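Peer 1: Residue numbers (numbering that gives the first Met the number 0), protein chains in the order written: chain Y, 0 to 537; chain G, 0 to 537.
Hints may be right or wrong, so weigh each one.
You can't tell identical chains apart in this list, so a pair holds if it fits in one copy or across any two.
As the list claims (entries may be wrong) - Dumping the calculated SDA-like pairs for lysine to any residue here, alpha-carbon to alpha-carbon at most 20 Å:
id	residue 1	residue 2
1	K176	S199
2	K177	T151
3	K143	H178
4	K463	N293
5	K176	D145
6	K177	S199
7	K507	G453
8	K519	F150
9	K94	G366
10	K143	P237
11	K515	P40
12	K236	L416
13	K507	R256
14	K54	R532
15	K443	K507
16	K177	F288
17	K449	G366
Read the hints as simulated data drawn from the structure, not as lab findings. Source: prediction; values computed, not measured.
There are 2 protein chains.
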Amino acid sequence: MGHSPTRTGQESSFRHHKASHVLKGLASNPHDLTIEGNLSPTRIERFSAQAGEFKLLYGTERVNDDVMHTLKELSHEAHLIDKMEAMQRGDVLNKIDGFPSENREVLHTAMRDFFMHPNQGKGAMKATAAAKAECNKLKAFMSKVDQEGKFTDIIQIGIGGSDLGPRALYVALQAYKKHGRVAHFISNVDPDDTAAVLRSIDPKKTLVVVVSKSGGTLETLTNESLVRAFFEKSGCKPEEHFLAVTGEGSPMDNPERYLASFYIWDFIGGRYSVTSMVGGVMLAFSLGFDQYMNILKGAHEMDRIALNHDFDQNLPLIGAMLGIWNRNFLHYPTVAVLPYSQALLRFPAHLQQCNMESNGKRIDKQGNPVDFDTGAIIWGEPGTNGQHSFYQLIHQGTNVVPCEFIGFRESQYQEDLNVQGSLSQEKLLSNLFAQSIALAKGQKSDNPNKVFPGNRPNSILLGKRLDPFTLGSLLSYYENKIAFQGFCWNINSFDQEGVQLGKKLANKIIDQFSAKRQGKKAEKFPEAEALLRHLESL
Amino acid sequence: MGHSPTRTGQESSFRHHKASHVLKGLASNPHDLTIEGNLSPTRIERFSAQAGEFKLLYGTERVNDDVMHTLKELSHEAHLIDKMEAMQRGDVLNKIDGFPSENREVLHTAMRDFFMHPNQGKGAMKATAAAKAECNKLKAFMSKVDQEGKFTDIIQIGIGGSDLGPRALYVALQAYKKHGRVAHFISNVDPDDTAAVLRSIDPKKTLVVVVSKSGGTLETLTNESLVRAFFEKSGCKPEEHFLAVTGEGSPMDNPERYLASFYIWDFIGGRYSVTSMVGGVMLAFSLGFDQYMNILKGAHEMDRIALNHDFDQNLPLIGAMLGIWNRNFLHYPTVAVLPYSQALLRFPAHLQQCNMESNGKRIDKQGNPVDFDTGAIIWGEPGTNGQHSFYQLIHQGTNVVPCEFIGFRESQYQEDLNVQGSLSQEKLLSNLFAQSIALAKGQKSDNPNKVFPGNRPNSILLGKRLDPFTLGSLLSYYENKIAFQGFCWNINSFDQEGVQLGKKLANKIIDQFSAKRQGKKAEKFPEAEALLRHLESL
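Could you put the whole structure together from the sequences, leaning on the hints where they help?
Peer 2: Okay, here's the thing in C-alpha cells:
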C-alpha cells in the first residue's frame, strides 16, 4: 500500500478525519426535501453526474453543497483514490496488520483489463496475462463445443460467489441468450436443490461446471457427487461432461475426472469473481463468448471510472460517499436496492453478498474494534413489484430506508404495447420517478393515514438499456463502491473470517449424525445434542 | 371488536401497558448467551414449544423466565387472543377510528375453515360458505380441464399479493407438481417480464389466470393486454384460455372475455389472499385440487392454534411476542428469515410483503402517530447459501440481526447420498443448528478477526417435512404472527395507504410521457420534468 498512509495513533481512523467532524455537524440539520421548492429542477440538475453509460441522480438525497464538498474532502483525507489505485495495480490489501490473515492481492479488476489502458502495476499485469490465457482457452473450448453441437444445457455447481453473481447475470441477460442454450444452478447442500435440477435436464446434452477455488467446498463437492452419480446411472461418463473451475493444482485440477480445467487464483475473492472463469464458462456457453467479452468491457470501463481523480465524474466514489453519509451520519441501518427491471431480479441478492460479506466487519485493518458503523444491511426486489409489497413501510414505517433505484430508458426485448395511452416502459419509468419524488417530498394531509413524512433519501442510477456491456458496468459500479466504503472505514473488505465459526460447529454436528448412525460416540456437544433430540422427536 | 377495549386516553397504547414498563427494565440486562453454560440443554428444553406439525425452539433468544412471563402478561393486557378471535369471527378490524378508512372485515382465515370446528361467527360463516362455493366451482372446473387434457401450462398475471404468495408456494411445492404441469408468473409492468414468459409457452396449451380484486390494477391489466395480443396473434381465442380471479361484478367479471370467473372479496387483503382463489386456481392446476385442499387444511390447523389461550402452545403468539421483544425492547430494526430449504427460496419475499405492508405503519388505530417502532424490515435467503453471503455481517457486523431459522427433518424428494460419511440432509441440518449456536454463543480469540461477539438472538421453527399441509401451516403461522404484532401495537395491519402517493404521482408522470408523444402539454410537474430530461439525454 505504498501510496496510502500507515496508521500512527488514531489519525487514519474514520471517526478522526477532519471531514468526519464537519459532516457530523452538518448531519444535525440535513437538507429538508419536504419543504415546497426544496426539490427544484435546478437541484436535480446540480446533484447529478454522468460517466460511461450511466447517470447518477442524487438530488433526492439529503445533501447540499456543503455536504457534498465535505464528502469529497473525506474521500481525499482517507486517500480513497490512492487506495483504489493500489488495489487495481496489485498491492497486498487483503490483510490485517499484525495478525495472521489472508495476506493477498485483490485483483478482480485484472480479470477484465484487456481492452484499453491496461494497468501497468506488476501484480496487475501478471494477473491480467493469466486471465487472458484462461479466456483464450475458454474461447477455443467454446468454439469446439459450438462445432460439435452436442450440448444444449449447462449446470453450474457452486455456492456463494460461485453462484449468486453468475446466476444474477444469467437471469439478467435472458434476452441475449444463444438460441437453445439453458443454464441451471445447484448451490444449496439441501439435497432437494440437486434433485429438482436433475429432473429438468438430459445428461447426454449437458455440461457441468463445478466451481471451487480450493477444490474443497463442502456444499459443492457434495452436490458434485450427487450429480456424478446421476450421470453414471444414466450411462454418461462424467469426465466427458464435467468442467472444473478451480485453483491450479487443487484436488479438482485433474484431467482424469474433468473434460477441462479453468483456473482462478487466490487474489480473486469469491464475491468479486463473476467476471473471472467462475462466471465466464457458464456465461460464454449461454450467451456466446463475445457477449461474455462485452460484460468484461463494460466492467473495465467502470473500473477506469473508479480511478478518476475528478470526484464529480467518479460515479462509484460518489455513490460510496452518499452511502457513508446515510450510514454514518444519518445513521440508517439498511439500504434497499430497487431495480426497475425484472431482469435484475437476482441482482440485489448478489449485492447483498458482495456488500455485506465485504463490509460487515467489526475491526479495522490494524485489528482494533471499530467505534462506528460499517456495512449496512442490503436488501431489495425489483420495482414495480416492490411497490405492492414492502414500499408501505418505506413510505410510512418507523424506520427510514435509503433507496438506490436502478432504471433503464429502453426495455431489453423492445416488445411493448400502448395500453390506455402509454407504453409499459413509460409506465415503468413513471413509477420509478414517482417513487423517488414521493419518498423525498412526502405528503401532508388532514387524514393522519394519508400523511407521508418524506425525507426518505434515495438516488437513481440510470442507463440506456440493460445489455451485457451495461450490466458489466453496473456490476463494477457496485464492486468499486463497496471497495471505496471499505477503504474509507479502514476495514478489510476482502476477507470473511465471520463464516468460519459456523463451519467449525457444523462439522462437529455432522460428526454427531454420523456417530449416531454407526452406533458410536462423537465428541460431546451438549447444546447441539439437545437440538438433535428435538429433531428426532418430530 | 366487542371483546376488546375501547381506547380512553392512553391506556391501550402499547407503551403504556404495565408489562411494557417491566419489559423495558428487563431489557437493560438481557440474558447473556455468551457466558459458558448459559445455553444449556435444559434451557433449550425449557424454551421450546410444540403445536400442530411444528416445534419452535427459542433458547437462543435473549430471554429468560421473567421476560417470557412478562411477554405473556403483555399479550393478556393487549387482549391479543380476544382480537384474534374477533378477527377470525368477522369483526370489522380493518379501519381507523374517526377517519375515512377501508372499514372491512379481515377474513382470510375463513377461506380455509372447511375442515373441523368451523368458526360460528356470523361474518366468518358467511365468508366460509362463499369460499366453499368457489372451491366447488374450481373443483368442477379442474376436473373438466383434467378430462379434456388440453392444457399443460398456466400463466398467473397479478402483482403484490396476487404474485408473491402464490409464486412462493408454487416454488416450494415443485416436488408435488402434477406430471407435465408448469406455472409461469407475470407481475412487473416492465414489458420484459411478459416478453420473457411468452417466449417459453405454447399458447394453445396454456391457461391464463388474471388476478385483480378491483379489476383495475394498472400492471395487471397492462400485462393482460400484452398477453391477449400475443394469444390473438397466435390464432388463439383469449376467451377460451383466460380466467378471471376478481370481485363479483368487477369489470373483469365478464363471461364474454373469460372462460370462467372465480371470486374474491373485500375482506381478503391481497397479502393474505394466497389460500383464496388468488392462489387456488394456479395451485389446483399445478398440484391438483386435493393438494390445494391440503394446503388449506394445514393453514386451518395453524389458525386454530392461534386461538389457543394457552400461551405456551400458541406458536404464532409466542413468535409474535419474541419479535416484539427484539423490536421494541432490544431495538433491532430488521429480522432475517432463513429457511434451510431451497424450496423456500421465494418465501422470504412473500413474508417481506405480508409483514412490511401490514405492520410498516406510523399511526395507531385511532389515528395517533405512534411513539414506538412498528414492523421491522424483513429480509432473507435460504441457508446454507446465505452462509456464503451475508452471514459474515450477521456474525461480525456492527448491527445485530435477529434470525428466524426454518428447517425440516426430511427432504422433499428423499434423494440423498452419503458423501464423506454423512447425508446431504444431515449436513443441511447440522449447518442450521451450528449457525443458531454460533450466533448465540459467539467465540473468544486472541486474534481480533476471529472474535465473534455472540448474543445474536435467533429461533428455529422446525417441521418434519415441507409438504402442502405443513407449508399451509407455515404460511398461517406467519400470517397470524403478523396480525398478533399489529394487535399488540394497536395499528391497522390490514390497509396500505402508503402505496397511494406513489400511484398518484406515477399517473401524473405517465401523462407527461403521453403528452410529449402527442406533442401536447400535460399538467406541470417540474421535478418529474427534470428527471425526464435526464432520461432523454441518455
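Peer 1: Given a CA cutoff of 20 Å, do K463 and N293 count as a within-copy pair, a between-copy pair, both, or neither?
Peer 2: Close inside one copy (16 Å), not across copies (47 Å); limit 20 Å.
Peer 1: Classify it for me, K176 with S199: is the Cα-Cα distance of at most 20 Å met within a copy, between copies, both or neither?
Peer 2: both (19 Å within a copy, 13 Å between copies)
Peer 1: Under a CA distance limit of 20 Å, which applies to K519 and F150: within one copy, between copies, both, or neither?
Peer 2: neither (46 Å within a copy, 54 Å between copies)
Peer 1: At most 20 Å between alpha carbons: which applies to K94 and G366, within, between, both or neither?
Peer 2: Only inside one copy: K94 and G366 sit 10 Å apart there, 54 Å across copies, limit 20 Å.
Peer 1: Quick one: K143 to H178, C-alpha cut-off 20 Å, is that within a copy, between copies, both, or neither?
Peer 2: This pair counts as within: shortest intra-copy Cα distance 17 Å, inter-copy 36 Å.
Peer 1: If the cut is 20 Å between Cα atoms, do K177 and S199 qualify within a copy, between copies, both or neither?
Peer 2: both (19 Å within a copy, 14 Å between copies)
Peer 1: State whether the alpha carbon distance between K236 and L416 is at most 20 Å within one copy, between copies, both, or neither.
Peer 2: Intra 49 Å, inter 19 Å, cutoff 20 Å: inter-copy only.
Peer 1: Please work out whether the CA atoms of K177 and F288 approach to 20 Å or closer within one copy, between two copies, in both situations, or in neither?
Peer 2: Within one copy only: 10 Å inside, 38 Å across.
Peer 1: If the cut is 20 Å between Cα atoms, do K507 and G453 qualify within a copy, between copies, both or neither?
Peer 2: Classified as between; 19 Å across copies, 50 Å inside a copy.
Peer 1: How would you classify K449 and G366 at a CA-CA limit of 20 Å: within, between, both, or neither?
Peer 2: between (49 Å within a copy, 10 Å between copies)
Peer 1: Evaluate K176 and D145 at a C-alpha cut-off of 20 Å and name the case that applies: within, between, both or neither.
Peer 2: Classified as within: same-chain Cα gap 14 Å, cross-chain 35 Å, threshold 20 Å.
Peer 1: At 20 Å max between alpha carbons, let me know whether K507 reaches R256 within a copy, between copies, both or neither.
Peer 2: neither (30 Å within a copy, 61 Å between copies)
The structure shown violates the earlier hints numbered 8, 13.
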